[in-house]
Amino acid sequence: MTRKQTVSFKLNGKTVDVVVEPRELLIHTLREKLLHTGPHIGCETSHCGACTVDLDGMSVKSCTVLTVQCQDADVLTIEGFEQGGTLHALQEGFTTQHGLQCGYCTPGMITRAYRLLKEIPNPSEEEIRYWMAGNLCRCTGYQNIVKAVQYAATKLAATSA
Amino acid sequence: MAASTDTLERETKLQGMGSSRLRKEDARFIRGRGTYVDDIKLPGMLFGAMVRSPYAHARIKSINKAKALAVPGVVAVLTADDLKPVNLHWMPTLGGDVQAVLADKKVCFQMQEVAMVIASDRYSAADGAELVEVDYEELPAIVDPHKSMAPDAPIIREDIADKDNVSHGPRTHPNHIFTWEAGDKAATDAVFTSAEVTVREEILNPRVHPCPLETCGCVASFDKPTGQLTVYMTSQAPHLVRTVVAMLSGIPESKIRIVGGDIGGGFGNKVPVYPGYVVAIVASIVTGVPIKWIESRIDNISTTGFARDYHGVGELAADKEGRIKALRFTALADHGAFNSHVSATKLPAGLFSICTGSYAIPKAYCRVDAVYTNKAPGGVAYRCSLRVTEAVYLIERMIDVLAQKLGIDKAEIRRRNFVKAEQFPYTTSLGWTLDSGNYHAALEKVLKAVDYEGLRREQAEKRAKGELMGIGISTFTEIVGAGPTKVCDILGIGLFDSCDIRVNPTGSAIARLGTMSQGQGHATTYAQIIATELGLSSDEIQIEEGDTDKAPYGAGTWGSRSTPVGGAAAAMAARKIRAKAQKIAAHLLEVGEGDLEWEVDRFKVKGNPSAARTMKEIAMAAHTSNLPDGMEKGLDATEYYDPPNLTFPFGAYVCVVDVDRFTGETKVRRFYALDDCGTRINPMIIEGQIHGGLTEAFAVAFGQAIPFDENGNHLGNSLMDYFLPTAVETPHWETDYTVTPSPHHPIGAKGVAESPHVGGIPCFSNAVVDAFAHLGVTHMDMPHTAFRVWQQCKAVGVDKR
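Note that the protein sequences, when read in sequence, are chains Y and Z.
All residue numbers for the first sequence refer to the numbering used here, where the first residue is 1 and numbers rise by one.
All residue numbers for the second sequence refer to the numbering used here, where the first residue is 162 and numbers rise by one.
Incorrect hints may appear among the rest.
[Unchecked claim] Straight-line alpha carbon distances no greater than 25 Å define the calculated DSS-like cross-link-like pairs of lysine-lysine that follow:
# : chain 1 : residue 1 : chain 2 : residue 2
1 : Y       : 155       : Z       : 185
2 : Z       : 385       : Z       : 202
3 : Z       : 202       : Y       : 10
4 : Z       : 744       : Z       : 711
5 : Y       : 147       : Z       : 185
6 : Y       : 147       : Z       : 828
No lab work stands behind these hints, which were simulated from the structure alone.
Taking the hints into account, I'd like the entire structure generated from these sequences.
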């Protein structure tokens, strides 16, 4: 076993320190050491996107990021979306548009959509489908996920205007 | 009397049946606060990692654990020899067979479970699993089920080689599992002999996998001092699992608690009991600490819960006008190395005999021959009732084949053969009594909505230009809601379901059911049923499922049985409560029970509407001394509901597909789905279920298959190879409905989630084949990948510029 290392990063705005083997994946650190079980494991091969988190302003699949790569990084997970008891527009969109069923893909979907809306604040349906294609859902058929993202885009535009 | 504004307002406030109210379960999911099995973390918990066979068929000569045990963190390595002393190296299957929990002297499929390494964390467990040394002697493997019963075929199951029966009748070969048949063979054969027209087609439902986003797994926790076993598990049927665990472990069922928690999708994958669960339980008993075992995605696709692998032959006999006179369907079923097919005891081929579909077919016969191969065991129902997709696919494809042979329009041939609305309840020639339907109305509504005639004109124009456009129709009838206990049981347990409702003094309620939500939204829809029945707000009705210590016994959620059976139990339990409430109201209002009438949320005195007691008031009274003489306190009821029949949802779908003849790429331009699931509880949820089912149908039709090479090696068991559609390729869905209530269900509901999968798959295939119909093509096997469709283009010579 290789010597463990201490890694410090910001998780949803709070600094955390973890001691990990160099080979430990971010998803395992988040779920098992930091008890943030919102991001899920669906494939461990970067295909499904259930483990999506936001890392320094980019959507990443945390099943293929080493925790030691996260030194001083800024990590956002689904647990960081609700602020002061107020849901994020995406959380509101997913429930009001029935954009989830079993809920397993939902944290990754919302986290991915968050970054998409930062990059393209008013995406077309085609753009949403294209830029969300790294996140798989087996339940909804995506149609209501598209609506959920559109709902959030509209709401975020209205509140920032 | 017209409903007053007041009653309408009160009714709306209940958010009961018919309301598209938002889901109650979402609050935790959108915050990442669901509790799935891999989220469970118990003190002292160890992790299990499976050692799996690289060969499809081999003898195990030796297993050396030494190097694995030397890995820091590794606590134990369990093999079949370690399970033998507790007699848990083999287990019974839901198909009446036995299955090796860990390979006992030989392996019969690639990735079979050989040993489990138990370690302090998942990394050490994986390290240990790499270092378990297994010496194999490879044997010839059978991959093609058509070769299973060859006289010189290698014997796959030496453990049962001399058994002439594996639960479902006589066997004729060591690799034969069962032969099952239904219908009148002689009468059917006679019709075929004298028929004006007959058609025959070989039709494959390839081996696929339900592939829910969450894989299977469990945390087993045995408490030595109390002898209590708790298993947190991804199970669609926690009560059945508890019974199986009791049967095989000898632990009293009262000391076993199965906890379902949140399930990240099931689609049939999470019905059976898998070896990993059993080994984790044994490991917990041995080590005295909790053991977590979670499948990887590759393990999941390779070993647990494949579906289909039905190699069918469809035959129809008809007159020249296309009126079907007889049906003869057979299938060779590849069940893999163990018959762990999920089936009711008396129905080894599930509900395959629903294969007469929506049509009045006077004579029918069907037969299924099931065989062993060196492939993963099982045969689960992937988003369908047992073997219904296979059956519906055959009839919906064959009626198109017949139409093409006779040159009759594919909508018209259906009209000519439909069971008519006035014929319901209609008993098919294979013995099912279809409860209700209105097939003609459904089809006509859809044809009008898509301008079917216009589409056919467009198709003719395109064909004239050499372009390929296909129009697929599917007018399917499903069979769901297993089921009447006289017909359906698993391991002897009838497939009833249950609901226990307790109304609190302040008028809120908790209901517990024997079913298990995996995304269907039970916490919402069951609450809506009870809200309407009891006049209490669905917001204040809590639903609990999945914890066997809390919920009454039930057979779980699969085969679209939650609404037909669980939903019926909820309505019936609520009606028991309402009957008691009526007695209390009569007492409080000092009138006779017969003087009262129910209105939304209260009993009121006929002719004196101001004299009334609301359900909330009655709930409080039920907990006071002010009750009729001799009446028990409280306002609770339990119902164990044994349905009198299954339910038969139906639908009419149209798909329009454009095919690029130079690349074989297909584009679903339009998909219009009309579903009739009887009474609709929550239209928003129904529509969501239909979107999901159609998407899974799309996946099966256009990409899913689990291929093997001739040695039984998997050729596609990761998400790199196995097709799960993304948002990009998933078509846009248009939905519609008619409502034909089930006459025997308390609220007239039939179940819906599987219809779009069952009805969708043939609709896609019919569209793709229809694109080639003018070129003489009558059938193309799934999956319709670009490569396979391009091969078809090439075969008929339309791929040249």
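Each hint tested on the structure:
Between residue 155 of chain Y and residue 185 of chain Z the CA atoms are separated by roughly 22 Å; this keeps the pair inside 25 Å, and the hint holds. A distance of roughly 19 Å separates the Cα atoms of residue 385 of chain Z and residue 202 of chain Z; the hinted pair therefore holds under the 25 Å criterion. Distance restraint check for residue 202 of chain Z and residue 10 of chain Y: the Cα-Cα separation of roughly 24 Å lies within the 25 Å cut-off, and the hinted pair is therefore satisfied. The straight-line distance between the Cα atoms of residue 744 of chain Z and residue 711 of chain Z is roughly 29 Å, outside the 25 Å bound, and the hint therefore fails.
Among the hinted pairs, residue 147 of chain Y with residue 185 of chain Z is consistent with the structure: their alpha-carbon atoms are about 19 Å apart, no more than 25 Å. For the hint linking residue 147 of chain Y to residue 828 of chain Z, the alpha-carbon distance of about 22 Å falls within 25 Å, and the restraint holds.
When held up to the earlier numbered hints, the structure conflicts with hint 4 and nothing else.
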